[in-house]
Amino acid sequence: METETDPRYKLPDGFLLGGGTASYQIEGAWDKDGKTPSVFDHSYHLVKATLHGDTAADSYNRYKEDIALAHELNVSLLRSRPPAAPPSQGEAAKCKSAISTKFCRSTL
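In terms of the working numbering, the sequence shown opens at residue -18 and continues consecutively.
Cross-link-like lysine to aspartate or glutamate pairs, in silico, EDC-like; alpha carbons within 16 Å at most: (1) Lys13 / Asp35; (2) Lys16 / Asp39; (3) Lys13 / Asp39; (4) Lys16 / Asp35.
Cβ pair distances, simulated, as ranges: (5) Lys29 / Arg(-11): 46 to 54 Å; (6) Leu32 / Asp(-13): 34 to 42 Å; (7) Glu53 / Gly(-5): 14 to 22 Å.
Hint data in this document are derived by calculation from the structure and do not stem from the laboratory. Cβ atoms here follow ideal geometry from the backbone N, Cα and C, with glycine treated the same way.
Construct all of the structure, not just a fragment, from the sequences and the given hints.
Below, the structure written as structure tokens:
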């Protein structure tokens, strides 16, 4: 089946295709660069379990690939939460701010 030429699969002009993420499901790297465990990280580390978000989809390290894939799929909108920290966390906040800046610049 040719979806690119089949009129049944043509999106209307002006249609915006979007996607969204949730940090625990995609980010991974819960213990890197001054990040602190989320509620989910804490809960899943209370017991020995193989179902946790320690790696997840590893978007923390592979965000450039994720953004490239979104472009390849012609995603017009992407809702994501780059890592962030309140200013009171000192060096960790600076690091998280740098990561957020790299992520945001990669989407432009």
